[in-house]
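A.B. asks: Following the hints, put chain B in place on chain P, whose structure we already have.
Respectively, the protein sequence lines represent chains P and B.
So the first sequence is numbered by the numbering used here: it starts at 135 and just counts up by one.
So the second sequence is numbered by the numbering used here: it starts at 113 and just counts up by one.
If you're looking for bench data, these hints aren't it; they were derived computationally from the structure.
Model, not experiment: these values are computed from the prediction.
You may find that some hints are simply not true.
Output of the computed footprint for chain B on chain P, the stretches with three or more beta carbons under 8 Å from beta carbons of chain B [said to hold, decoys possible]: (1) 150 to 161; (2) 306 to 314; (3) 320 to 328.
Glycine is no exception: its CB is placed at the ideal position from the N, C-alpha and C atoms.
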Amino acid sequence: MKEMMIILVSAILVDNFVLSKFMGCCPFLGVSKKVGSAFGMSVAVTFVMLMATAVTYPIYMLLLEPNGLQYMQTIVFILVIALFVQLVEIILKRFVPSLYKALGVYLALITTNCAVLGVTLLNITNEYNFAQSMVNALGAGLGFMLAMMLFSGVRQKLETCNIPKAFQGVPVTLVAASIVSMTFVGFGGIVEGMFG
Amino acid sequence: MSYLTTFTKGIIKENPVLVMLLGMCPSLAMTSSVKNAVGMGLAATFVLLGSNVVISLLKNVIPKQVRLPSFIVIIAGFVTLIGFILQRYLPDLYAAMGVFLSLIVVNCIILARAEAFASKNNVAASALDALGMGLGFTLALTAISTVREILGAGTWLGLPVTKNFIEPMAFFVTPAGGFFVFGILVAVVNILTKYQISRKKLGCEGCKGGCAGCGASAQDQEKGETQE
Chain P
135 MKEMMIILVS AILVDNFVLS KFMGCCPFLG VSKKVGSAFG MSVAVTFVML
185 MATAVTYPIY MLLLEPNGLQ YMQTIVFILV IALFVQLVEI ILKRFVPSLY
235 KALGVYLALI TTNCAVLGVT LLNITNEYNF AQSMVNALGA GLGFMLAMML
285 FSGVRQKLET CNIPKAFQGV PVTLVAASIV SMTFVGFGGI VEGMFG
Chain B
113 MSYLTTFTKG IIKENPVLVM LLGMCPSLAM TSSVKNAVGM GLAATFVLLG
163 SNVVISLLKN VIPKQVRLPS FIVIIAGFVT LIGFILQRYL PDLYAAMGVF
213 LSLIVVNCII LARAEAFASK NNVAASALDA LGMGLGFTLA LTAISTVREI
263 LGAGTWLGLP VTKNFIEPMA FFVTPAGGFF VFGILVAVVN ILTKYQISRK
313 KLGCEGCKGG CAGCGASAQD QEKGETQE
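Here chain P stands alone, though its shape is the one from the complex (with noise of 0.2 Å):
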């Protein structure tokens, strides 16, 4: 159980996925305008990586390392996602149509997030077991939610601010990431102190 909440708070908030390992920049920086969407995509990602990890980790286990076919892994677990991503979309679509509204948009953009592919393999690197994989899974999709919540706020802030020419639009959204990272940074060794 400790070392579970262990791989939980590191993936929240000290091995932040975003603002430390850079996975899922894309939608970090271009999905956090509003808060409203910058939650529905973390919903999303947070169910996808959740949902992918299920899927991938009893393939490589079971049906690659058998085999001998570790190598595969990159290409399985791309064509796995991009597969899960669409039968998710249409079973919302069927079934929940008001996750679906809700989610839609997002689901689409999901398949190319680094960020889903980037557990999945880094789950299998580690060596975790499933029960691990699921939890850093799940820690990964709520340090993802955390920061673009956080940072969704300071670009709102950011809309009203007197910026110079040379730095509206992506530079300062870019600037104002590296502050919103170096907080992050506080984190660090927080694992060590609650648990160690």
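C.D. replies: Using the frame of chain P, we list chain B on its own:
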């Protein structure tokens, strides 16, 4: 477009990282040292070249409805290949790149070029386009990492530069420093391109449909160009 402009446009005018703002993840993650940045740039160029050539050869065979998954499989194949090559010949770099080597698969630049260029042009033009874009990507990564390594570690490609007389500012090799340097460089390019970037929307929002859609938006730009 002549072959020469096909090659040179990726280097400056349509630099994939600093002007088109594609492939942000590796541009931030792999630029804490020049060595890693060049390695990443060249690995991505290899994948880009391979996938552009193959996709351009297969452009009449792949049905339109399933083209994106097909492209991804081709790209993933080349990523696996470069993984083998690096593991065998440059194990240090392979270890340093870690999961980001696999993540070349979801690098928007490669899918965008496949969709916007290779699926419409002949093999020679696609290969030149891949080389130009790959070179532009490598140069942009080298520029970012040069700033970060000199300021953050006082070295360049591991050779001491300012290390002996200025205390290195470790901030620049941290993730926060990556965002910061990238932001400043984009601002500089913004001035040089007469504020083109200020008018541009960011990331997925700009390309309406995720990085797979980056292809679509790049496609529109491409159309505009050919009309010129």
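A.B. asks: Would you list, in rising numerical order, the hints stated earlier that this structure does not obey?
C.D. replies: 3
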